[in-house]
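K.L.:
Read top to bottom, the protein sequences are chains A and B. The numbering used here puts the first residue of the first sequence at 2, with every later residue one more than the last. The numbering used here puts the first residue of the second sequence at 2, with every later residue one more than the last.
Take these hints with a grain of salt, some might be off.
Here are the computed lysine to any residue pairs in the SDA-like style, where the Cα-Cα straight-line distance is at most 20 Å [claimed, not checked]:
(1) B/Lys-327 x A/Arg-64
(2) A/Lys-170 x A/Thr-93
(3) B/Lys-327 x A/Val-146
(4) A/Lys-126 x A/Ala-136
(5) A/Lys-126 x A/His-108
(6) A/Lys-126 x B/Thr-185
(7) B/Lys-327 x A/His-108
(8) A/Lys-170 x A/Asp-19
(9) A/Lys-126 x A/Leu-153
(10) A/Lys-126 x A/Arg-64
(11) A/Lys-126 x A/Thr-93
(12) A/Lys-170 x A/Met-92
(13) B/Lys-327 x A/Pro-234
(14) B/Lys-327 x A/His-51
(15) A/Lys-170 x A/Glu-109
(16) A/Lys-170 x A/Thr-11
(17) B/Lys-327 x A/Met-2
(18) A/Lys-170 x A/Gly-13
(19) A/Lys-126 x B/Val-32
(20) A/Lys-126 x A/Asn-107
(21) A/Lys-126 x A/Trp-105
(22) A/Lys-126 x A/Ala-114
(23) A/Lys-126 x A/Arg-116
(24) A/Lys-170 x A/Arg-76
(25) A/Lys-170 x A/Gly-91
(26) A/Lys-126 x A/Leu-77
(27) B/Lys-327 x A/Ala-194
(28) A/Lys-126 x B/Arg-186
(29) A/Lys-126 x A/Pro-152
(30) A/Lys-170 x A/Ala-194
No wet-lab data here; the hints were simulated from the structure.
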Amino acid sequence: MLQLERLVKTFGVVRAVDGVSLSVDAGELRGLIGPNGAGKSTLFSLVAGHLRPEAGSINFEGRRIERLRPAARARLGIAITFQTVHLFRGMTTLENVMVGAHSWTNHEFVEAALRLPRHFREEPKIRERARGAVARTGLEPWADVPAESLPLGRQRALQIARALCGNPKLLLLDEPAAGLRGEERRELSELLARLCEEGFTMLLVEHDIGFVSRVAHRITVLDMGRVIAEGSPAEVRASEAVIVAYLGSVPADDGATSR
Amino acid sequence: MRRPRSLLGANPPATVGVLVIAAATLVLPQVLSAPNLITYVTIGLATIVVAGLSLLMGFAGQVSLGQGAFYGFGAYSAAILAIHGWPPIIALVAAVVMTAAVAAAVGALLLRLEGHALAFGTLALQLIFLSVLSQTPSFSGGAIGLTNIPALTLGPIAISGYRSYAYFVWIVAAAVLLVSRNITRSRPGRGLRAMATSPSAASAAGVGVVSYKLRDFALSAAYAGLAGAIYAFFLAYISPDAFSVMLSIEFVIMVVVGGLGTVSGAFVGAAVVTIVAQVLTSLGTGPSLPAQLPNVLSEGVYALILITLLRLMPDGVVGLASRLTKRLVRAKLERRATLRPAAGTVTGPVLAPATVETDGAHAARADGDTVPSRGGRAGGAT
Numbered sequence: 002m003l004q005l006e007r008l009v010k011t012f013g014v015v016r017a018v019d020g021v022s023l024s025v026d027a028g029e030l031r032g033l034i035g036p037n038g039a040g041k042s043t044l045f046s047l048v049a050g051h052l053r054p055e056a057g058s059i060n061f062e063g064r065r066i067e068r069l070r071p072a073a074r075a076r077l078g079i080a081i082t083f084q085t086v087h088l089f090r091g092m093t094t095l096e097n098v099m100v101g102a103h104s105w106t107n108h109e110f111v112e113a114a115l116r117l118p119r120h121f122r123e124e125p126k127i128r129e130r131a132r133g134a135v136a137r138t139g140l141e142p143w144a145d146v147p148a149e150s151l152p153l154g155r156q157r158a159l160q161i162a163r164a165l166c167g168n169p170k171l172l173l174l175d176e177p178a179a180g181l182r183g184e185e186r187r188e189l190s191e192l193l194a195r196l197c198e199e200g201f202t203m204l205l206v207e208h209d210i211g212f213v214s215r216v217a218h219r220i221t222v223l224d225m226g227r228v229i230a231e232g233s234p235a236e237v238r239a240s241e242a243v244i245v246a247y248l249g250s251v252p253a254d255d256g257a258t259s260r
Numbered sequence: 002m003r004r005p006r007s008l009l010g011a012n013p014p015a016t017v018g019v020l021v022i023a024a025a026t027l028v029l030p031q032v033l034s035a036p037n038l039i040t041y042v043t044i045g046l047a048t049i050v051v052a053g054l055s056l057l058m059g060f061a062g063q064v065s066l067g068q069g070a071f072y073g074f075g076a077y078s079a080a081i082l083a084i085h086g087w088p089p090i091i092a093l094v095a096a097v098v099m100t101a102a103v104a105a106a107v108g109a110l111l112l113r114l115e116g117h118a119l120a121f122g123t124l125a126l127q128l129i130f131l132s133v134l135s136q137t138p139s140f141s142g143g144a145i146g147l148t149n150i151p152a153l154t155l156g157p158i159a160i161s162g163y164r165s166y167a168y169f170v171w172i173v174a175a176a177v178l179l180v181s182r183n184i185t186r187s188r189p190g191r192g193l194r195a196m197a198t199s200p201s202a203a204s205a206a207g208v209g210v211v212s213y214k215l216r217d218f219a220l221s222a223a224y225a226g227l228a229g230a231i232y233a234f235f236l237a238y239i240s241p242d243a244f245s246v247m248l249s250i251e252f253v254i255m256v257v258v259g260g261l262g263t264v265s266g267a268f269v270g271a272a273v274v275t276i277v278a279q280v281l282t283s284l285g286t287g288p289s290l291p292a293q294l295p296n297v298l299s300e301g302v303y304a305l306i307l308i309t310l311l312r313l314m315p316d317g318v319v320g321l322a323s324r325l326t327k328r329l330v331r332a333k334l335e336r337r338a339t340l341r342p343a344a345g346t347v348t349g350p351v352l353a354p355a356t357v358e359t360d361g362a363h364a365a366r367a368d369g370d371t372v373p374s375r376g377g378r379a380g381g382a383t
């Protein structure tokens, strides 16, 4: 579904992403991990469209997308959540989620201003889909409160709900567990597992190897802008290159020690 | 989530408000004196411009110091077309379309700028407009302006006299406010509001940020062009003096006074600033007073208003009012919440049945957090 080929992105003299190739199959939950500065976030931005690569290509369902704007990628079915929560302040949770529907709806200013037929056709669908996404992420009690008043864990859930409202084929998640506490973390991994069962393809960028190991099918490890390992969670955690680069001297026994 | 419908619709206070305002607009033109009618029409025109500028400032987050130019462009377009024999109403509509088209063309270049740079870019637009006027006397009448603008007719009905303009302007203003409201409560409106606080998240959600900004800019210009065209027919005489840079600044102040991005704020801002300006003019005009006094006075007072507002109530009069009501409602809710354990009020199992307890705790926390957290949590957006 998603193929990255020899992607390169440099900032000055730093090769943040240095020839990364990677392929995500439909229905797969792929983890992307690496130590700080490994190039995870840069790679994420390249796929999301907030950065453009100097070289290499990104194929999504057989289409070259590396030159498309983020909004165009959203229309193809790529939805993202941000590492630092990006909310639309002054809008309720439900309204925030409804914005996600932009990618599959079309009515424009004139149609909205004059209340033309397409407005009436699309609005109820948007609302219905948004309510569904709000329910799936457990945000129903907060649907009508200002989004900025939610606790952090719920704000992260809201980002996922907004992404789901876009009807995506591929979900890109940038450190969705960052700053969450134990209970919230468990809820998040349950939600991801459920989305996986429903057939969503996901690329999960994470710092926390324990969290990724619990949910991902396969894990790709980046270091210094290059892929240093790829495989099942168990394989990756056993890899010597990963232990040296990522964990340093900490033994990789289970998730509890990684944070 | 369907609310029961009463005779007054989904939102009774709003419906009552609309009815009161409708009654006032029917009655006021009958009772106001001629000078007051002029003020009344002026407020209506300013409301139209401010409604557009508020869509731009409140949603695209961009300040335009060139709204006076679009107002003037609409006025001159309508006047020139009507003088050349176009039916006035067609000239009026054409003026609006032309203003929007010019804004779209200029905006495609100008909107590459942001913030202060864009504000100065639009200010330059205003200055260019004024110098074009002074350089094309054969066409635009130059410094003298255009006279003999034909009266506005809608088929058989001629709109002439202050009273009929008082009705006409407010019908148009109501239509414009309805359009604004329709846009804000729909897909494009949500896209605009999203863009205002986080353009990157908006674009990731599929909002075409660049084209939305451009449409918003063109729309706000169309509003200004519409008001300007009506103004030209109303006075039957226009000159460059009427479209000074000060006018653009006045529009911005009206938006700030009324509150960004609120539909009712457009009217409040327009009314307050227009009336303050009138009072200042009458204070500053007298037999022994210097001729520039009204201008100096109003500039000083505008500066004072702007600084005070931005310091004390950044979301304007309407924003302040709605914040106060919200605070009252919240206080009432909190009092009710303390009487009942929060966990019981949370609806439905959330991610797992076992989590309901925690969610209740969150609900209570969320309630308590709403007051001070203006984007303070979680790093907020952008």
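K.L.:
If any of the earlier hints don't hold here, list their numbers in rising order.
P.N.:
1, 2, 7, 8, 9, 10, 12, 13, 14, 15, 16, 17, 18, 19, 25, 27 and 29
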